[in-house]
Amino acid sequence: MGIFRTAGSALRMQRLRLDTVAHNIANANTTRTDEGGPYQRRQIVVQAADGGLPFRAAGVAGSFVRRFATALGGVQVTRMVTDEDPGPRVYEPDHPDADDEGYVQYPNVNIVVEMTNALSATRSYQANVTIIDMAKEMALKALEIGRH
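Heads up, the sequence shown is in numbering that gives the first Met the number 0, so the first residue is 0 and it goes up one at a time.
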């Protein structure tokens, strides 16, 4: 059934979105990565499973497009992008990652934004679980009607 495929793709997308948010939060204070420099926030990019236009899975516009794309047949994660905006620069001359002027470049992760995204992903995940449960219930009712 199409509803199971559609809701399943949304479940996978929201799980990956929540994993990405958790990774961002876990690295919110990482001032030095293996690549050098502070951690850079990551986001997933998704598109409609039928090849629609890609969009980032965050914010109000993303929520609207995500619901619309799900109605068309699901969503698929196309790639992970790095937010290149610089994080805050804080004067901490004793920090091991301080530059010559005593400033430390911190990651561009805003904990409030990430927690909001985590809550949104969790609620979207729960909504899709409810859709799957309702579809199963309707299918069982249809089978019962067919027996009588």
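Check before you lean on any hint, since a few could be wrong.
Unchecked claim - Taking CB as the label site, the calculated pair distances span:
hint, residue 1, residue 2, range
1, N109, D33, 21 to 31 Å
2, N109, E143, 33 to 43 Å
3, N28, T121, 22 to 32 Å
4, T81, G101, 24 to 34 Å
5, Y90, D132, 52 to 62 Å
6, R88, R41, 50 to 60 Å
7, H147, D82, 52 to 62 Å
Everything labelled a hint here was simulated from the structure, so no lab data went into it. Glycine included, C-beta positions come from ideal geometry on N, C-alpha and C.
Status of each hint after checking the structure:
| no. | hint | in the structure |
| --- | --- | --- |
| 1 | N109 to D33: 21 to 31 Å | 23 Å, holds |
| 2 | N109 to E143: 33 to 43 Å | 51 Å, violated |
| 3 | N28 to T121: 22 to 32 Å | 23 Å, holds |
| 4 | T81 to G101: 24 to 34 Å | 27 Å, holds |
| 5 | Y90 to D132: 52 to 62 Å | 53 Å, holds |
| 6 | R88 to R41: 50 to 60 Å | 21 Å, violated |
| 7 | H147 to D82: 52 to 62 Å | 57 Å, holds |
Of the numbered hints given earlier, the model fails hints 2 and 6; all others are met.
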